[in-house]
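**Student:** Chain C is fixed; fit chain X onto it per the hints.
2 protein chains.
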Amino acid sequence: MDIHKANSRATSFAGAEYFTGSVMIDPIVSAPEPARVRALRVSFSPGARTNWHNHPLGQTLYVISGVGRIQKLGEAVQEILPGDTIWIAPGEKHWHGAAPDHAMCHIAIQEELEGKQADWLERVTDEEYQA
Amino acid sequence: MDIHKANSRATSFAGAEYFTGSVMIDPIVSAPEPARVRALRVSFSPGARTNWHNHPLGQTLYVISGVGRIQKLGEAVQEILPGDTIWIAPGEKHWHGAAPDHAMCHIAIQEELEGKQADWLERVTDEEYQA
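Chains as they are written, first to last, in my numbering: chain C, 6 to 136; chain X, 6 to 136.
So here's chain C without its partners, still in its complex pose (with noise of 0.2 Å):
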């Protein structure tokens, strides 16, 4: 059993490559083999946003915080508030993130597949961000 205390791993600010506007990340697991499960806390500053992109598994969302958004292709953007819950299905394409005027924070649960969490697309442009 591993414990990690609250002040024992350091946040770190996500890529620019694959977010737009300020994201921060903390750890929450990296389960080793057999397991597969993936968890982080994700923290959106008001307007960032993921850029495109699907799960070979799949993907939970639960918000703890904030205001947030999220998209499917085709599909109008939604607001998502906190207690909620979203299941993407394996290779739905989507995104996440913050509301323009509020942070956002959610816990994200993925599985790893072939050592892989996440097909990282094209950025999710203002235009899309805002219809």
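I should point out that these hints are in silico values taken from the structure, not numbers from a laboratory.
Be careful, since some hints might not be right.
Note: identical chains are not told apart, hence a pair may lie in one copy or across any two.
[Claimed, not checked] Simulated crosslink set (EDC-like; lysine to aspartate or glutamate; CA at most 20 Å straight-line):
1. K121 <-> E38
2. K77 <-> E127
3. K10 <-> E119
4. K98 <-> E84
5. K121 <-> E97
6. K98 <-> E127
7. K10 <-> E80
**Tutor:** Structure of chain X alone, referenced to chain C:
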């Protein structure tokens, strides 16, 4: 993509078969195959705790609020606080719950293997809990 709003799924009470004291459960995800991740938010009243148990593919706990306790068989009872993350390896016999005078809420994440998320064992006695 499935969005479950915070007010769309009712809280349930955990069964007395596997828990001591009042424990409430809110669903997060039960991902369909080929995914296998399961997640719940679990809220323990002061003094409430799981039975001893283990998980075929391990478990991750992420403490959201309150003050809790956790013990791996053969080790001392340890305190857990908000922001703490615990990784419990496959097969490790353990229990977790609230402190005697504090509620505790955590997110529990585990993977299902052959239809099973946990092997439930005997009750945690008051002597074990207060050790």
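**Student:** Please go over all the hints and tell whether each is borne out by the structure.
**Tutor:** Going through the hints against the structure:
Taking CA atoms no more than 20 Å apart as the test, K121 paired with E38 passes in both settings, with 14 Å inside one copy and 17 Å between copies. Taking identical chains as interchangeable, the C-alpha atoms of K77 and E127 lie at most 20 Å apart only when both belong to the same chain, with a minimum of 14 Å there against 45 Å between chains. With identical chains, the CA atoms of K10 and E119 are never at most 20 Å apart, being 30 Å at best within one copy and 32 Å at best between copies. Taking the closest pair of Cα atoms, K98 and E84 come within 20 Å of each other only inside a single copy of the chain (17 Å); across copies the shortest separation is 41 Å, beyond that limit.
Proximity of K121 to E97 under the C-alpha cut-off of 20 Å is restricted to the intra-copy arrangement: shortest distance 15 Å within a copy versus 27 Å between copies. Only within a single protomer do K98 and E127 lie at most 20 Å apart by alpha-carbon distance; the minimum there is 11 Å, versus 45 Å between protomers. Taking the shortest Cα distances, K10 and E80 sit within 20 Å of each other only across copies (17 Å), while inside one copy they are farther apart (40 Å).
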